[in-house]
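The listed protein sequences derive, respectively, from chains E and P.
So for the first sequence, the numbering used here puts the first residue at 9; every next one is plus one.
So for the second sequence, the numbering used here puts the first residue at 3; every next one is plus one.
What the hints contain is simulated information worked out from the structure, not anything from laboratory work.
Quick caveat, the model's predicted, so the values are computed rather than measured.
Incorrect hints may appear among the rest.
As the list claims (entries may be wrong) - Once the Cα atoms are required to be at most 25 Å apart in a straight line, the calculated SDA-like pairs of lysine to any residue come out as:
no., chain 1, residue 1, chain 2, residue 2
1, P, Lys79, E, Thr48
2, E, Lys162, E, Val201
3, P, Lys79, E, Gly46
4, E, Lys267, P, Lys172
5, P, Lys79, E, Val204
6, P, Lys46, E, Asp154
7, E, Lys162, E, Gly251
8, P, Lys46, E, Asp254
9, E, Lys267, P, Glu218
10, E, Lys267, P, Asn217
11, P, Lys79, E, Lys330
12, E, Lys179, E, Gly161
13, P, Lys79, E, Gly269
14, P, Lys79, E, Thr163
15, E, Lys330, E, Thr48
16, E, Lys50, E, Ile35
17, P, Lys79, E, Leu47
18, P, Lys79, P, Trp45
19, E, Lys262, P, Gly75
20, E, Lys262, E, Thr163
21, E, Lys262, E, Asp233
22, P, Lys172, P, Gln354
23, P, Lys16, P, Leu349
24, E, Lys267, P, Glu108
25, E, Lys198, E, Leu287
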Amino acid sequence: MRDVAIVSFAQAPLDQPPGQTETMMLIPTITEALGNVGLTRKDVGFTCSGSADYLTGSTFTFVSMLEAAGAWPPISESHVEMDGAWALFEAWVRCQHGDVDVALVFSSGRAGLGHDLRETLLFQFDPYYLAPLGADYVSLAALQADAVLERTGKTERDLAEIVVERRRAAKANPYATISGDYTVDDLLAKDPVAGVLREHDIGPPVDGAAAIVMVAGDRARDLCDRPAWISGLDHRVDPHYPGVRDLSVSPSAKLAGEKAGAAGVEVAELAAVCSHEELVLADALGLGAGCAINPSGGAVVGNPMMVTGLARIGEAANQVMKNGKSKALGHASSGPCLQQNLVCVVEGRN
Amino acid sequence: MAERCAVVGIGQTKLSKCRDDVSMAGMCREAAQRALDDAEMTWKHIDAVVIGTAPDIFEGVMMPEIYLADALGAAGKPIMRVHTAGSVGGSTAVVASHLVQSRVHERVLTLAFEKQSEGDTNFAFSSGRSGGVGAGGYFAPHIRAYIERSGAPDYVGPMVAVKDRLNALKNPYAHLQIPDISIEMVLESPMVWAPIHRLESCPTSDGAVAMVLTNEAGGRRAARPPAWVHGTAVRTELGWFPGRDPVNPRAGQDCSADVYQQAGITNPRLELDLAEIYVPFSWYEPMWMENLGFASEGEGWKLTESGATSMEGDIPVNCSGGVLSSNPIGASGMLRFAEAALQVRGLAGAHQIDGARRALGHAYGGAAQYFAMWVVGSQML
Numbered sequence: 009m010r011d012v013a014i015v016s017f018a019q020a021p022l023d024q025p026p027g028q029t030e031t032m033m034l035i036p037t038i039t040e041a042l043g044n045v046g047l048t049r050k051d052v053g054f055t056c057s058g059s060a061d062y063l064t065g066s067t068f069t070f071v072s073m074l075e076a077a078g079a080w081p082p083i084s085e086s087h088v089e090m091d092g093a094w095a096l097f098e099a100w101v102r103c104q105h106g107d108v109d110v111a112l113v114f115s116s117g118r119a120g121l122g123h124d125l126r127e128t129l130l131f132q133f134d135p136y137y138l139a140p141l142g143a144d145y146v147s148l149a150a151l152q153a154d155a156v157l158e159r160t161g162k163t164e165r166d167l168a169e170i171v172v173e174r175r176r177a178a179k180a181n182p183y184a185t186i187s188g189d190y191t192v193d194d195l196l197a198k199d200p201v202a203g204v205l206r207e208h209d210i211g212p213p214v215d216g217a218a219a220i221v222m223v224a225g226d227r228a229r230d231l232c233d234r235p236a237w238i239s240g241l242d243h244r245v246d247p248h249y250p251g252v253r254d255l256s257v258s259p260s261a262k263l264a265g266e267k268a269g270a271a272g273v274e275v276a277e278l279a280a281v282c283s284h285e286e287l288v289l290a291d292a293l294g295l296g297a298g299c300a301i302n303p304s305g306g307a308v309v310g311n312p313m314m315v316t317g318l319a320r321i322g323e324a325a326n327q328v329m330k331n332g333k334s335k336a337l338g339h340a341s342s343g344p345c346l347q348q349n350l351v352c353v354v355e356g357r358n
Numbered sequence: 003m004a005e006r007c008a009v010v011g012i013g014q015t016k017l018s019k020c021r022d023d024v025s026m027a028g029m030c031r032e033a034a035q036r037a038l039d040d041a042e043m044t045w046k047h048i049d050a051v052v053i054g055t056a057p058d059i060f061e062g063v064m065m066p067e068i069y070l071a072d073a074l075g076a077a078g079k080p081i082m083r084v085h086t087a088g089s090v091g092g093s094t095a096v097v098a099s100h101l102v103q104s105r106v107h108e109r110v111l112t113l114a115f116e117k118q119s120e121g122d123t124n125f126a127f128s129s130g131r132s133g134g135v136g137a138g139g140y141f142a143p144h145i146r147a148y149i150e151r152s153g154a155p156d157y158v159g160p161m162v163a164v165k166d167r168l169n170a171l172k173n174p175y176a177h178l179q180i181p182d183i184s185i186e187m188v189l190e191s192p193m194v195w196a197p198i199h200r201l202e203s204c205p206t207s208d209g210a211v212a213m214v215l216t217n218e219a220g221g222r223r224a225a226r227p228p229a230w231v232h233g234t235a236v237r238t239e240l241g242w243f244p245g246r247d248p249v250n251p252r253a254g255q256d257c258s259a260d261v262y263q264q265a266g267i268t269n270p271r272l273e274l275d276l277a278e279i280y281v282p283f284s285w286y287e288p289m290w291m292e293n294l295g296f297a298s299e300g301e302g303w304k305l306t307e308s309g310a311t312s313m314e315g316d317i318p319v320n321c322s323g324g325v326l327s328s329n330p331i332g333a334s335g336m337l338r339f340a341e342a343a344l345q346v347r348g349l350a351g352a353h354q355i356d357g358a359r360r361a362l363g364h365a366y367g368g369a370a371q372y373f374a375m376w377v378v379g380s381q382m383l
């Protein structure tokens, strides 16, 4: 395989003015990601993006995002209706051909638009047999949380401890929606919203945008002191119907982790939108005690759906590019109860 | 050096107004199973799945790969979903071919579908607002501009409408079957978006199409003749800015130049044996013939008028009946790609062009701003 590295990552700030569109969030974000390594839109050989119409409640919303990509003269470009992490996968595949050295990947989403994400995501389910039951993603997550706690012997207090830790870590992350010092007892004083899950266990849906610049071969070394080389990238899916799955484990994350070479990572940024998902993923990916999980705070402190996974990969890349780590993992997920999982392993080289 | 890619299995459903006998998953499964049967493979042979469909709001299922994972045998495998407006079927096949060419996977199932009967497409086209102009309302002014620029006689559009419906009679999968189609019938049909008569417009269809793609070794040992991918390209441009030419978009020109260069083609009319081109409204045949370099600017209509694009002509276009005869939107682009491949495999049945060696598959979308193309051949390039 051709050596390809992440050389830059940028994300849109949280404090967006009212009425901000995805295009408006993306324009400065893409400019920043390219500008960080001295590139402009004209240097890009392939562009790939991820977004979802249902979050804005409109068709073809990705078409207007071409303004942010700068599609004139015409560009070689593609789009997935998936988290931007899968756009990154498509761009990485495209870079393997050898004729493209610089790829731009971005994604955006308006999960914070004000509608109820629990209602919107019902549209992801089998429309004939599953969606009509009205079991939304939080309700299904609560079933999964039950299964996880039962299997691991952990408790709601353990979940709250995860959240306290992530919110504390997020104090150093200006892009986190919720951060600060909380106590487990404060969190547990609140009533659950579904099963064992309380509000703090569920990453708040927010608007977001992020961009990553990916560069192949020697060019990456020229542009970046310490590129985050992609040493493994894989994604897998589990069956859709929650009833046929053992929700306490994630075979798809396990397989993706094995294929991508997750063993031995020092840092993992996991798209665990709910606190208990961290337990499932850490287990599936074999993350040991020596692995730092979600130093950014992760998705439980803010869930810019469609961007959540791409941002995890960006944060993992930053651990290599800026924090001197030698092996980091970024994870993305899609569907109810972690149905689909992507693992990207990045490495620094001396 | 990229790995070679071969199409070794193709399956499609009977395209029709309403497949109310199957679910979305059932319809997709039907096309995929037929592609596997054609390739003499089973589900376990497939390494990855790439699907494409038009806006989720058309059917009301958000990110449908999540729901379709089971029906497409994807559990434990990678599945992804491409979306590039009307060109999506083509772009999806391009992504799937890249998975093989990059050596990431050996055998990829790619599928595109639309089940328009499950939703209200025109409502969705207008972003959930009723009273929208629809695709025809958007493209009609571009067609009028083309007619004015080129001086094309007004019967050229109806000629395309008749030719493609006659071709559809030879394709058992085609939706519209109008045995007595004639210029008069087209002209007598209601004017829906001047100058587009109702019979110069595509229908709304339910349908799915699937292909099995594999590498050189797989192509060499294929059960039936493979179609070898000679080139793939995608191009996108902004849909709206001063100075843009939406009648002859540069993205289409660039995309075709790229794919011809990869395939070693310098004169597409001479070197290609046929083309499957995305023509949802009759006049887009002459317009795209110019955009794709089969004719010089202003001369595309003469190919239609002279019969060059008929099955008996030197560059047959849309022998399958094309989008004018069947339009499961998200699948329409992949149907063009698949029909091009069927022709060079010699498996197109009654609409086969004898001895077809090289063919172009083409799709476009958005405000005529998204393009996806491939050239396939009976021989390895």
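Structure-based check of each hint:
no., hint, verdict
1, P:Lys79 <-> E:Thr48, "violated, 36 Å"
2, E:Lys162 <-> E:Val201, "holds, 19 Å"
3, P:Lys79 <-> E:Gly46, "violated, 38 Å"
4, E:Lys267 <-> P:Lys172, "violated, 47 Å"
5, P:Lys79 <-> E:Val204, "violated, 31 Å"
6, P:Lys46 <-> E:Asp154, "violated, 33 Å"
7, E:Lys162 <-> E:Gly251, "holds, 23 Å"
8, P:Lys46 <-> E:Asp254, "holds, 22 Å"
9, E:Lys267 <-> P:Glu218, "holds, 24 Å"
10, E:Lys267 <-> P:Asn217, "holds, 21 Å"
11, P:Lys79 <-> E:Lys330, "violated, 33 Å"
12, E:Lys179 <-> E:Gly161, "violated, 30 Å"
13, P:Lys79 <-> E:Gly269, "holds, 16 Å"
14, P:Lys79 <-> E:Thr163, "violated, 33 Å"
15, E:Lys330 <-> E:Thr48, "holds, 22 Å"
16, E:Lys50 <-> E:Ile35, "holds, 14 Å"
17, P:Lys79 <-> E:Leu47, "violated, 36 Å"
18, P:Lys79 <-> P:Trp45, "holds, 11 Å"
19, E:Lys262 <-> P:Gly75, "holds, 18 Å"
20, E:Lys262 <-> E:Thr163, "holds, 23 Å"
21, E:Lys262 <-> E:Asp233, "violated, 32 Å"
22, P:Lys172 <-> P:Gln354, "holds, 9 Å"
23, P:Lys16 <-> P:Leu349, "holds, 17 Å"
24, E:Lys267 <-> P:Glu108, "holds, 15 Å"
25, E:Lys198 <-> E:Leu287, "holds, 22 Å"
When held up to the earlier numbered hints, the structure conflicts with 1, 3, 4, 5, 6, 11, 12, 14, 17, 21 and fits the remainder.
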